Amino acid sequence: KNEVEQSPQNLTAQEGEFITINCSYSVGISALHWLQQHPGGGIVSLFMLSSGKKKHGRLIATINIQEKHSSLHITASHPRDSAVYICAVKNSGGSNYKLTFGKGTLLTVNP
Amino acid sequence: NAGVTQTPKFRILKIGQSMTLQCTQDMNHNYMYWYRQDPGMGLKLIYYSVGAGITDKGEVPNGYNVSRSTTEDFPLRLELAAPSQTSVYFCASWRGTSGANTQYFGPGTRLTVL
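From first to last, the protein sequence lines are chains E and D.
All the letters of the first sequence, read from the start, carry residue numbers 1 to 111 under this note's numbering.
All the letters of the second sequence, read from the start, carry residue numbers 112 to 225 under this note's numbering.
These are computed hints drawn from the structure, not numbers from a lab.
Please read these numbers as outputs of a predicted model, since none were measured by experiment.
There could be a bad hint or two in this list.
Unchecked claim - Below are the DSS-like pairs computed for lysine-lysine, each with C-alpha atoms no more than 25 Å apart in a straight line: (1) E/K54 to E/K90; (2) E/K90 to E/K68; (3) E/K90 to E/K103; (4) E/K53 to E/K68; (5) E/K68 to E/K98; (6) E/K54 to E/K98; (7) E/K98 to E/K53; (8) E/K55 to E/K90; (9) D/K125 to E/K98; (10) D/K120 to E/K90; (11) D/K168 to D/K155; (12) E/K53 to E/K103; (13) D/K120 to E/K68; (14) E/K103 to D/K125; (15) D/K168 to D/K120; (16) E/K103 to E/K54; (17) D/K125 to E/K90; (18) E/K103 to D/K120; (19) D/K125 to E/K53; (20) D/K155 to D/K120; (21) D/K125 to D/K155; (22) E/K53 to E/K90; (23) E/K68 to E/K54; (24) D/K168 to E/K103.
As the list claims (entries may be wrong) - Quick look at which bits of chain D chain E covers, simulated, 3 or more residues with Cβ under 8 Å: (25) 130 to 136; (26) 173 to 182.
From the three backbone atoms N, C-alpha and C, an ideal C-beta is built for every residue, glycine too.
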């Protein structure tokens with residue numbers, strides 16, 4: 001079983017819809033990252049969270065440490081939000097400079 | 112800053128050939144990483160380095176080698192290419208201090224082994 005599980009695997013939305021992508025993990029963590037990968041493109045970091053909530057533009061990330069769960073929300077989605085969204089965790093024990101990645105959620109936003 | 116750069120962007124190899132994937136960062140980061148990304152799978156760590164002269168294996172090191180002679184460069188070597196090494200390879204770096212939020216990723220190298 002992967003230590004980091006994302007749902008859904010694929011998500012199709014209409015422009016303007018509110019999007020939620022979920023991430024669950026099974027280990028103790030010191031931080032959780034949300035990353036974005038555009039088709040054929042590189043990977044950029046959106047957020048790093050260790051507690052609570054962060055907001056950047058139309059993107060909101062939340063984390064519940066007790067429930068080992070994080071969500072990434074996109075408000076007023078736009079076709080340019082179409083990408084793979086990846087959740088990754090930094091374990092609190094052992095080597096805390098390594099990340100464990102989820103398989104990603106492919107988001108397609110149609111105009 | 113150019114950030115993390117990788118060369119080449121694309122490469123086709125024949126089985127048994129060897130090659131080096133180059134990775135350079137200009138942010139003076141201590142930590143550098145090599146990942147591979149296979150379709151439908153999460154990024155897997157191949158090798159990492161915590162500083163010049165120090166490297167260590169990740170989850171999937173077999174068939175690869177690395178070196179870290181300088182802070183800036185972290186090349187990945189494939190000695191005897193196999194079809195199982197067909198993948199997209201990403202290099203990343205991290206400053207390594209507690210206030211440093213994120214890993215910075217290179218644009219990737221798409222490798223096909225035929």
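Hint numbers contradicted by this structure:
When the structure is compared with the hints, numbers 9, 10, 13, 14, 17, 19, 25 and 26 turn out to be violated.
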